[in-house]
Amino acid sequence: MGANLPWFSKNAAALGAVALSVGVLAACSSSSSSSSAVSTTSSGAASGSSSAPITIGASLSLTGDFSTDGQAFQKGYNLWVKDVNAAGGILGRQVKLTVLDDKSDPNQVVTNYQTLINSDHVDLTFGPFSSLLTGPASAVAARNGYAFVEGAGGAPSVFDTPSNQADHNTFDVSLPVAEELMPFVSYIQSLGPAKDKTLTAAFPSADDPFASPPVQLAEAKLKALGVQVVYSKVFPEESSSYKPQADNVAAKKPDIVVLGSTDVPTVAAFMSEFAQDHFTPKMFIAAAGPDQGAAFTKAVGAGNATGMMVPNGWYPSYNNAESQKMVSEYVQQYGGSASGVNADVAEAYAVGQVVQQAITANGSVDNAKIISYLHSGVTLQTVQGTVKFDSLGENSSAAAFVFQWQNNGSKYVQVLPTGGVSVPIIATKPAWAR
Amino acid sequence: MAREITQAIVNGILVGGVYALMAVGLTLIFGVLDIINIAQGVLVILGAYLSYSLFTKAGIDPFLGLLITIPAMFIIGVVIHWAFISRLRGGERTSMTLLVTYAVALIIEGILFKIYGADNVQISPKYVNSSVHILGFYVGWVYIWGFILAVALVAVVYVLLYRTRFGRSVRAVMQDETAARLVGISVNRVAAFTFGIGVAVTAAGGVVFGATNAFNANSGYDLISRLLSIVILGGLGSVGGALGASVFMLTMESVVTIWQPTWAVAVYYAALVIVLVYRPTGLFGRKAVRAQ
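Top to bottom, those sequences are chains A and B. Residue numbering for the first sequence follows the numbering used here, starting at 9 and increasing by one per position. Residue numbering for the second sequence follows the numbering used here, starting at 86 and increasing by one per position.
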């Protein structure tokens, strides 16, 4: 214990470096750890070549920074597996899903897909959560000739990878993220030129492939519309504190805040600091966070959620029969209310639906045939609406919506684009509730 | 610009207080036990969850709840020491404690996930977003209380170490364990109590962190690298150094953020490396601590 500690007095700096490295490794979600939690959804199918289950492998962030999303994704995958197996499987074969925990780490996700493909020899792979992890994971799938259908890797960087450019194996069933803020831009444009003063806007964004592209595009478009940009800075995704960034934004008192966030804690921190600064922007839209249903309102307080906006391609009351069935099943299985269902659930479920239609159309689980089929221009049906892939695997038919929390945080409704089933937008966010 | 810089410095000092609350236990445990407690970040989150539960289930104010959570965390610390740390022996003990405390972190994280799920929560008493207007900008009361709590806790730990009989025992063990045994000090008891105190003060860090950040069971991993860098900069084993280094780190990050947020972390770590090159024991390294 405390004896003479000669090693310490001689090597304090070295110890510091070692300790720091261990800490950093731990902070990076333990990429060195080999302990991947495995959960299997058993199919109960009899073994045998013709009736053997279709094995599907996925890596998800069950722990780590993306654990809230990762666990929601797992529920979506599991729900799809349950529905498929209850309906007799695909081509008469039950589905068996293996999920490995990547701890939200881009290195671990590569290891996991190598394990799933080269060791477990799964028939098919489903994507992980986040663009940050989908990029490196899709490269593993491409090297092994696997189709890589995913629901949460919509950043341009995912499709611009050399592996996807060469093999065209990645398919995102969700809305491409770069243009997800366009309905909001159109809304600002529809307001016309301000009579009394120029609209001002702030664009703080996390340094993340998912968060930055839509914010940068929205900034360019709004600037072209005459909106005055008073703050535009990128901050590290994992900051010691978001207080300095939020205070700097609040000091500029912009009418609009477009936050490039990746999760609930980032949005919650900005909201809390704005409240302390007695600053309420007229419009506050975040790239991610408010879309996480009850997970968002629980963290920020339902009252504060009112007026918060988020772009997405799906919402729990989406007017789609399959979506409503899925939401009903979700609530039945996991509890809670329909408005609290995380959009990740639908993204995951849609992955399964796309793969299911591809297998059924081809009559096999051959990955080359699936890739070819998905690139054929066919339009597929999912809980998120129609899916049609362009040459790079982006969903060219996805509709972009903007959602807003209303009614004291109890309702999550589509407000943009206007018309159809959309609800009138709360144009001026009410003051913070606490 | 002057107002922005002033605000950044005030922010850095106050948020530094929050980090000091989380780092004091880490440096105390290392100072006495030569244990780099990788579980410190998760223990902060455990403290935050205890306060969250008392607040949401029993309506107990998070700061008043420290009267419950600090003793509870002390007991948890003593149990962890008894169950895991005290059983390690031999020359590889220090390196083994890295692995063991990491295992403790995984166990606690797993239990917290099981109980609370993956959704983020935040401790939100009514006053959490209240603030005071000074020097031309607003400062959140929760940060002010957190900083006062940090200074008070550092003072209490200092008095405990340097003005009490128990503190003399602790310092004797720090200086020479064998000699301490020879003069009748129960080294095991001192070690257990010190580990318990180190974990107990973490409860205070947890409540302020939980009131200023949304968190879930995994949030501790983001903290541990920063806490380690703070105690290394402050000097491993130096309680006051933890406070000084926390304020230094957060102030530097806060000021750099005015111009370029993405540089903030890099500038801090560059400063850390420079300090270690010229002063390997940190700003208040162990020799200085023992000379107090």
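What the hints contain is simulated information worked out from the structure, not anything from laboratory work. Be aware that one or more of the hints could be misleading.
If you want a taste of the chain B side facing chain A, the calculated C-beta under 10 angstroms gives, among others [what the hints assert, rightly or not]:
| hint | residue |
| --- | --- |
| 1 | S216 |
| 2 | G329 |
| 3 | S339 |
The list that follows gives simulated cross-link-like pairs (lysine-lysine, DSBU-like), each with its CA atoms no further than 30 angstroms apart [claimed, not checked]:
| hint | chain 1 | residue 1 | chain 2 | residue 2 |
| --- | --- | --- | --- | --- |
| 4 | A | K437 | B | K211 |
| 5 | B | K211 | A | K90 |
| 6 | A | K261 | A | K419 |
| 7 | A | K306 | B | K199 |
| 8 | A | K290 | A | K241 |
Here a beta-carbon is modelled for each residue, glycine too, at the ideal position from N, C-alpha and C.
Taking the hints in turn, this is what the structure says about them:
no.: 1; hint: S216; verdict: 4 angstroms, holds
no.: 2; hint: G329; verdict: 16 angstroms, violated
no.: 3; hint: S339; verdict: 4 angstroms, holds
no.: 4; hint: K437(A) with K211(B); verdict: 20 angstroms, holds
no.: 5; hint: K211(B) with K90(A); verdict: 43 angstroms, violated
no.: 6; hint: K261(A) with K419(A); verdict: 28 angstroms, holds
no.: 7; hint: K306(A) with K199(B); verdict: 17 angstroms, holds
no.: 8; hint: K290(A) with K241(A); verdict: 20 angstroms, holds
Comparing the model with each numbered hint stated earlier shows that hints 2, 5 do not hold.
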